[in-house]
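Engineer: Given the structure of chain A, go ahead and fit chains B and C onto it with the hints provided.
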Amino acid sequence: MTDQLDYQVTVEELSALMKRTAGVHVDPITLRQQADDGFDAFGLDSLGLLGIVAELEKRYGLGLPEQAERCKTPADFLALVNGALKTGV
Amino acid sequence: MTRRRVAVTGIGVVAPGGIGVPQFWGLLSDGRTATRRISLFDPAGLRSQIAAECDFEPLEHGLDLATVQRSDRYVQFALVAAAEAVRDADLDMAREDPWRAGATLGTAVGGTTRLEHDYVLVSERGSRWDVDARRAEPHLERAFTPATLSSAVAEEFGVRGPVQTVSTGCTSGLDAVGYAYHAVAEGRVDVCLAGAADSPISPITMACFDAIKATSPNNDDPAHASRPFDADRNGFVMGEGAAVLVLEDLEHARARGAHVYCEISGYATFGNAYHMTGLTKEGLEMARAIDTALDMAELDGSAIDYVNAHGSGTQQNDRHETAAVKRSLGEHAYATPMSSIKSMVGHSLGAIGSIELAACVLAMHHQVVPPTANYTTPDPECDLDYVPREARERTLRHVLSVGSGFGGFQSAVVLSGCEGGLR
Amino acid sequence: MSGPQRSGRPARDGSRRAVVTGLGVVSPHGIGAEAHWKGVADGTSSLGPVTREGCAHLPLKVAGEVHGFDAAETVEGRYLVQTDRFTHFALTATELALEDARFGRADVESPFSVGVVTAAGSGGGEFGQRELQNLWGQGSRYVGPYQSIAWFYAASTGQISIRNDFKGPCGVVAADEAGGLDALAHAALAVRGGTDTVVCGATEAPLAPYSIVCQLGYPELSAAGEPDRAYRPFTEAACGFAPAEGGAVLLVEEERAAVERGADVRATIAGHAATFTGPSRWAESREGLARAVQGALAEAGCRPEEVDVVFADALGVPEADRAEALALADALGAHARRVPVTAPKTGTGRAYCAAPVLDVATAVLAMEHGLIPPTPHVFDVCHDLDLVTGRARPAEPRTALVLGRGLMGSNAALVVRKDGTAPRTA
Chain A
1 MTDQLDYQVT VEELSALMKR TAGVHVDPIT LRQQADDGFD AFGLDSLGLL
51 GIVAELEKRY GLGLPEQAER CKTPADFLAL VNGALKTGV
Chain B
1 MTRRRVAVTG IGVVAPGGIG VPQFWGLLSD GRTATRRISL FDPAGLRSQI
51 AAECDFEPLE HGLDLATVQR SDRYVQFALV AAAEAVRDAD LDMAREDPWR
101 AGATLGTAVG GTTRLEHDYV LVSERGSRWD VDARRAEPHL ERAFTPATLS
151 SAVAEEFGVR GPVQTVSTGC TSGLDAVGYA YHAVAEGRVD VCLAGAADSP
201 ISPITMACFD AIKATSPNND DPAHASRPFD ADRNGFVMGE GAAVLVLEDL
251 EHARARGAHV YCEISGYATF GNAYHMTGLT KEGLEMARAI DTALDMAELD
301 GSAIDYVNAH GSGTQQNDRH ETAAVKRSLG EHAYATPMSS IKSMVGHSLG
351 AIGSIELAAC VLAMHHQVVP PTANYTTPDP ECDLDYVPRE ARERTLRHVL
401 SVGSGFGGFQ SAVVLSGCEG GLR
Chain C
1 MSGPQRSGRP ARDGSRRAVV TGLGVVSPHG IGAEAHWKGV ADGTSSLGPV
51 TREGCAHLPL KVAGEVHGFD AAETVEGRYL VQTDRFTHFA LTATELALED
101 ARFGRADVES PFSVGVVTAA GSGGGEFGQR ELQNLWGQGS RYVGPYQSIA
151 WFYAASTGQI SIRNDFKGPC GVVAADEAGG LDALAHAALA VRGGTDTVVC
201 GATEAPLAPY SIVCQLGYPE LSAAGEPDRA YRPFTEAACG FAPAEGGAVL
251 LVEEERAAVE RGADVRATIA GHAATFTGPS RWAESREGLA RAVQGALAEA
301 GCRPEEVDVV FADALGVPEA DRAEALALAD ALGAHARRVP VTAPKTGTGR
351 AYCAAPVLDV ATAVLAMEHG LIPPTPHVFD VCHDLDLVTG RARPAEPRTA
401 LVLGRGLMGS NAALVVRKDG TAPRTA
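Protein chains in written order, with our numbering: chain A, 1 to 89; chain B, 1 to 423; chain C, 1 to 426.
Here chain A stands alone, though its shape is the one from the complex (with noise of 0.2 Å):
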């Protein structure tokens, strides 16, 4: 995971959003650890995933990639996010 000093979303937010969305508890320190682990491996199904997206989507007003909800890791899954945060798609 590079260049994550200007992430919008953290790994913090990731964690939390997994634990109150998808009731998927993995704390920040583990999630970094293990962020190019499947998102299955930590028990979040598509449809944990896709709530996720629907949250974010509400919190930045914007519609994020049709991919975000196919990403397979936390690590994708934040990298493409990110991605799509700061150039506004």
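Keep in mind that the hints were calculated from the coordinates and are not lab data. A couple of the hints might just be wrong.
[Stated by the list, open to error] Here are the simulated lysine-lysine pairs, DSS-like style, with alpha carbons at most 30 Å apart:
hint	chain 1	residue 1	chain 2	residue 2
1	B	Lys213	A	Lys72
2	B	Lys213	A	Lys58
3	B	Lys213	A	Lys19
Structural biologist: Just chains B and C now, kept in the frame of chain A:
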């Protein structure tokens, strides 16, 4: 325990594109679609704004005002379909032992449309959790429990035997007929009204499928939005409707001189224990349901002449189902037409399984396979004969109908022609 | 529901019996069969004011709530966020039933040998109300991804199947009260048809504000304000029923499979029958219920005199109570006046579909404890019945008849027998 043979002697259908069996079969055999922009409410703001709606005027279809007032739309559908089925079967309930007659109706979401309507009133458009009971309209309790569905049908036709509402998500319509099949086969009833109904085209149900992107967003071209098995498919199109079959002990049907369309010869259901909405690529559990239903029918997979697919038009479903059918039917799958009528009448959740069984009975009756409308671009992962766009004449002795539902339900029903070559 | 499933055991040879090996109870009396039984045997009442958020102003004043329930003690968070309270109850009750039966992973011969059947009367009403509020208060984008799987009636069966990897025949009876017994009949049918094990039961959570508003239309719902007066069936003061939440899940197994794995056979599901006589036409339920009793006894191969205890439907509506008393007389003859009848649900309230399943669990416990529990709040019985009131009555019941009638018109009867009393017939 000797199992009795179970005959289908009557059919009734309320489906998008026209009310009644002739209109329904006309739509299917012509390969027309009944999908359009939603008119039942203003869908602006939704991701999917299209559906297959019924043009349904309950009073014109024989219901009286009091019945209409106390019955939700899905119950009205069921009552109209049941009346047609009973007429078609030439079944005089006054001459039947009411305690030997049953009713088994399926629904996935029951009275949610009415529940939402009154919710808006009592919550003042979602502004309060501590809702105001005084704003509720009469008969709301009948929307609260889906038991109302089978109760209303049983009341209307004087049924006094076992009455059940089955709710296994989108396999409800197959399972309701399956449960009724068991009740007749095991001798608990001689006659059973079996079917399903749903009227899910309401903001909450459209919104909840929006949230998981299960429905098609092809709002610009509703007529071609439902594209089962096509490479460009992007979700299902919501539908509504009902179908009711009259199931009867075969000997009972023969004794009263009834016309027998076909027999229900096998039924099975399993859970996939995988995911509430997700499906595996392999389709093992659906294949097992097919295999078990075939065993009950004492048939080999190679005996199947037509597969009526679940074919919802989501990416995962159509792959899953193709894999399951290939697993069960082997090489024979490639030589067997397999179509999805959801391309024409949409996906009416719990109702569709019974509507599809009605289509199977009619297909056997006419010896015509209904097509998959809108199918133009093959998907390498869906490589069977999906009967593109045009109905096809074919000898149909044994027909298989399959379904998958939220909750992991995987069901299969086998229908067999009654005269000649059967078992 | 079932078929000759490929589990390697003989199917439909008439020798497969469905037995109960585990009880999972989440009741207003407490969590777990033991806590429930204590409340039932002591004749205590767990009826009280409706305290769920947003309900205090509503005209329903008395109900049986499940207090002190924390689903998170047994069920992982990811299952809890995507399900309603009725499924929280179901997942917890399932876990308790599996523990009670000592049925572990190693006992699962194949995932396809374990099915799941639940009955549901109204689904996930509280979850549904929250999402309706999101939709109408804020907009369609505020509806979450779990609404599509939490509100509908099949939620509990699906989640039980997924959480435990049970792939056998899965079913849902969406029913009125009698449906709880129909679900058990489905489970027994599946077992006789070749499935070794079925997780079966019903749980309900109808005490959310909008759900209560929906129930206010039932003329049978009690409007009484005091817990000791709200639900008094078979008395002159009968004024309707108090609703409840919670329920029970039973582990139903094929007898030989249960014995082979060393499980205790607690009771046999011996017979069931159901009829329909129309919603709120209680006088007519007399014939329907009597026929259901006769059918269930016939299937069980059980004579009326062999019934040792009746768990009454006990609706608490004078006309319905009279019909039930007469139905027992019609079906059991002179034995109807001798057989002890009880309605422990007056101490918990009626949890719709779950009410008769809870009664079946209570019946199994009563047969094990040699004690017929009393009917709380009921003293002055005005029907020709030996209703057990006041204190539990010592007895040695070996055959229990459980009755259920539903507000939508169904009547059902189920016979459960202690091991060794039922003939080996299907």
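Engineer: Against the structure shown, which of the earlier numbered hints fail to hold, in ascending order?
Structural biologist: Going through the list in order, the structure violates no hint and respects every one.
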